[in-house]
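2 protein chains.
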Amino acid sequence: MHVARAFSCHLSLADMSHQMSFKELMKVLGLGAVALVLGVEWLNWLMRRLRDSRGPLKEVLFFPSPQVCVEHLFIRHKHFPCACPLPHGIETSFSRLLVHLLSARMSLDLCVFSFSHMELSRAILLLHKRGVVVRVVTDRDYMTITGSQIGALRKAGICVRHEMSSAVHMHHKFALVDGRKLITGSLNWTLTAVQSNKENIMVTEEPELMGPYQQEFQKLWEANDPANHKPQCTNGQLNIKTCKDR
Amino acid sequence: MHVARAFSCHLSLADMSHQMSFKELMKVLGLGAVALVLGVEWLNWLMRRLRDSRGPLKEVLFFPSPQVCVEHLFIRHKHFPCACPLPHGIETSFSRLLVHLLSARMSLDLCVFSFSHMELSRAILLLHKRGVVVRVVTDRDYMTITGSQIGALRKAGICVRHEMSSAVHMHHKFALVDGRKLITGSLNWTLTAVQSNKENIMVTEEPELMGPYQQEFQKLWEANDPANHKPQCTNGQLNIKTCKDR
Numbered sequence: 362m363h364v365a366r367a368f369s370c371h372l373s374l375a376d377m378s379h380q381m382s383f384k385e386l387m388k389v390l391g392l393g394a395v396a397l398v399l400g401v402e403w404l405n406w407l408m409r410r411l412r413d414s415r416g417p418l419k420e421v422l423f424f425p426s427p428q429v430c431v432e433h434l435f436i437r438h439k440h441f442p443c444a445c446p447l448p449h450g451i452e453t454s455f456s457r458l459l460v461h462l463l464s465a466r467m468s469l470d471l472c473v474f475s476f477s478h479m480e481l482s483r484a485i486l487l488l489h490k491r492g493v494v495v496r497v498v499t500d501r502d503y504m505t506i507t508g509s510q511i512g513a514l515r516k517a518g519i520c521v522r523h524e525m526s527s528a529v530h531m532h533h534k535f536a537l538v539d540g541r542k543l544i545t546g547s548l549n550w551t552l553t554a555v556q557s558n559k560e561n562i563m564v565t566e567e568p569e570l571m572g573p574y575q576q577e578f579q580k581l582w583e584a585n586d587p588a589n590h591k592p593q594c595t596n597g598q599l600n601i602k603t604c605k606d607r
Numbered sequence: 362m363h364v365a366r367a368f369s370c371h372l373s374l375a376d377m378s379h380q381m382s383f384k385e386l387m388k389v390l391g392l393g394a395v396a397l398v399l400g401v402e403w404l405n406w407l408m409r410r411l412r413d414s415r416g417p418l419k420e421v422l423f424f425p426s427p428q429v430c431v432e433h434l435f436i437r438h439k440h441f442p443c444a445c446p447l448p449h450g451i452e453t454s455f456s457r458l459l460v461h462l463l464s465a466r467m468s469l470d471l472c473v474f475s476f477s478h479m480e481l482s483r484a485i486l487l488l489h490k491r492g493v494v495v496r497v498v499t500d501r502d503y504m505t506i507t508g509s510q511i512g513a514l515r516k517a518g519i520c521v522r523h524e525m526s527s528a529v530h531m532h533h534k535f536a537l538v539d540g541r542k543l544i545t546g547s548l549n550w551t552l553t554a555v556q557s558n559k560e561n562i563m564v565t566e567e568p569e570l571m572g573p574y575q576q577e578f579q580k581l582w583e584a585n586d587p588a589n590h591k592p593q594c595t596n597g598q599l600n601i602k603t604c605k606d607r
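Those protein sequences? They're chains A and B, same order as listed.
For the first sequence, the working numbering begins at 362 and goes up steadily by one.
For the second sequence, the working numbering begins at 362 and goes up steadily by one.
Treat the hints as calculated values from the structure; they're not laboratory data.
There may be inaccurate statements among the hints.
Heads up, the list lumps identical chains together, so a pair's fine if it works in one copy or across two of them.
Here are the simulated DMTMM-like pairs of lysine to aspartate or glutamate, each with C-alpha atoms no more than 25 Å apart in a straight line [to be verified]:
hint: 1; residue 1: K580; residue 2: E452
hint: 2; residue 1: K388; residue 2: D502
hint: 3; residue 1: K591; residue 2: E569
hint: 4; residue 1: K591; residue 2: E452
hint: 5; residue 1: K490; residue 2: D586
hint: 6; residue 1: K384; residue 2: E480
hint: 7; residue 1: K490; residue 2: E420
hint: 8; residue 1: K490; residue 2: E402
hint: 9; residue 1: K419; residue 2: E577
hint: 10; residue 1: K419; residue 2: E569
hint: 11; residue 1: K388; residue 2: E583
hint: 12; residue 1: K419; residue 2: E566
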């Protein structure tokens, strides 16, 4: 029955295309395309309305996070699963963190005490490559420890500023995605923190929470502008020369 | 004019009390007291409605916090200012943190990596003395470092559990006040963190954020129950003997 119906449908479509002129066919196809675009837009609007009715995004992630493959988050249209031996297709706290970071389209402001996690570094470098404006404020002492990714970010041309005072630690661990989404918690950007420690992260688009963190970032960014301080190390000079400061 | 009016008013009140019987006077005073209580209740209701219309509490605090006198937060009805040389009557991030902690009436669940701040320890001991049920989960290594206040809490009979694994750090820094208010951020409970470092704390009563932290606390509390682990140190045994575990 189904085969017969499908065949007759195919026949009638074929007949139609024979009967219709090329101009008419283009008209139908054009109208179809417009209807498709409108439909997608309407679905988008509906999804936004549904999301708005639940209030701004609020998500809490706890660590340690099990080690799974996150390759599909970095390489778009990659065939799944990839060849690596890690478990595939599993969502973890770490993969959620990556998803939120990689959702940046315009800007990423990052304030982090310790940054040695290779995959988080890969995510930041990828955002920079995609044209996202990345600004990083970090700790003076911890940016030079073994395994720190701060040098790699600077080499790629990402603007990094560090706490200027040697008596103070820049102990924040927060990120601001597109000036809209706040990611904050106890998690330093290290492998131990992600895979071993008991840690937490909160992701929110609540403007009353996001706003103060954005102001704090801007305050730290301006306070640690190397142009306002005497040059103390090569890193400071490199920072001025290579990155496009805002 | 004003003096004359006040005088005549005083006279008429005196006349009234002369003319009114004792019973009538008591009636007026009783009604006045009822009106006052109702008025205060109504004001309270109005304040609650106004607060609710702004949504659940959301407050962000940044550190370092300047050193000011916080004595009035510990001793109720104390004459102000006290005799100490610190600045008085100034609200800071640290005083706001103390206000939120000392607002606990029923319970305080605390998950903190490093705890050596004397005034925060004093606040926790005061809550315990007031009958608030305090539970603490902390890090195994950091609870024994010089200046740690964990021993003082245990001596006072407060229930403290520590991360049982030696390979893992309990790196959270959050508190739950009366199962309703969440205090979380990058701030460890040390003097350096409060007075020197760049740190953040968020205080919120948003149920979607509070809920997951409450679950995480309960999970850690149960996972680190010394009754389920072989005794490894005196602290663990002391914990079982002295505090009333929930």
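Okay, the hints, checked on the actual structure:
no.: 1; hint: K580 x E452; in the structure: between (35 Å within a copy, 21 Å between copies)
no.: 2; hint: K388 x D502; in the structure: neither (66 Å within a copy, 74 Å between copies)
no.: 3; hint: K591 x E569; in the structure: neither (36 Å within a copy, 46 Å between copies)
no.: 4; hint: K591 x E452; in the structure: neither (47 Å within a copy, 34 Å between copies)
no.: 5; hint: K490 x D586; in the structure: within (24 Å within a copy, 48 Å between copies)
no.: 6; hint: K384 x E480; in the structure: neither (53 Å within a copy, 82 Å between copies)
no.: 7; hint: K490 x E420; in the structure: neither (27 Å within a copy, 36 Å between copies)
no.: 8; hint: K490 x E402; in the structure: neither (29 Å within a copy, 60 Å between copies)
no.: 9; hint: K419 x E577; in the structure: both (21 Å within a copy, 16 Å between copies)
no.: 10; hint: K419 x E569; in the structure: both (12 Å within a copy, 7 Å between copies)
no.: 11; hint: K388 x E583; in the structure: neither (57 Å within a copy, 67 Å between copies)
no.: 12; hint: K419 x E566; in the structure: both (7 Å within a copy, 13 Å between copies)
The structure does not agree with the numbered hints 2, 3, 4, 6, 7, 8, 11 stated previously, though it agrees with the rest.
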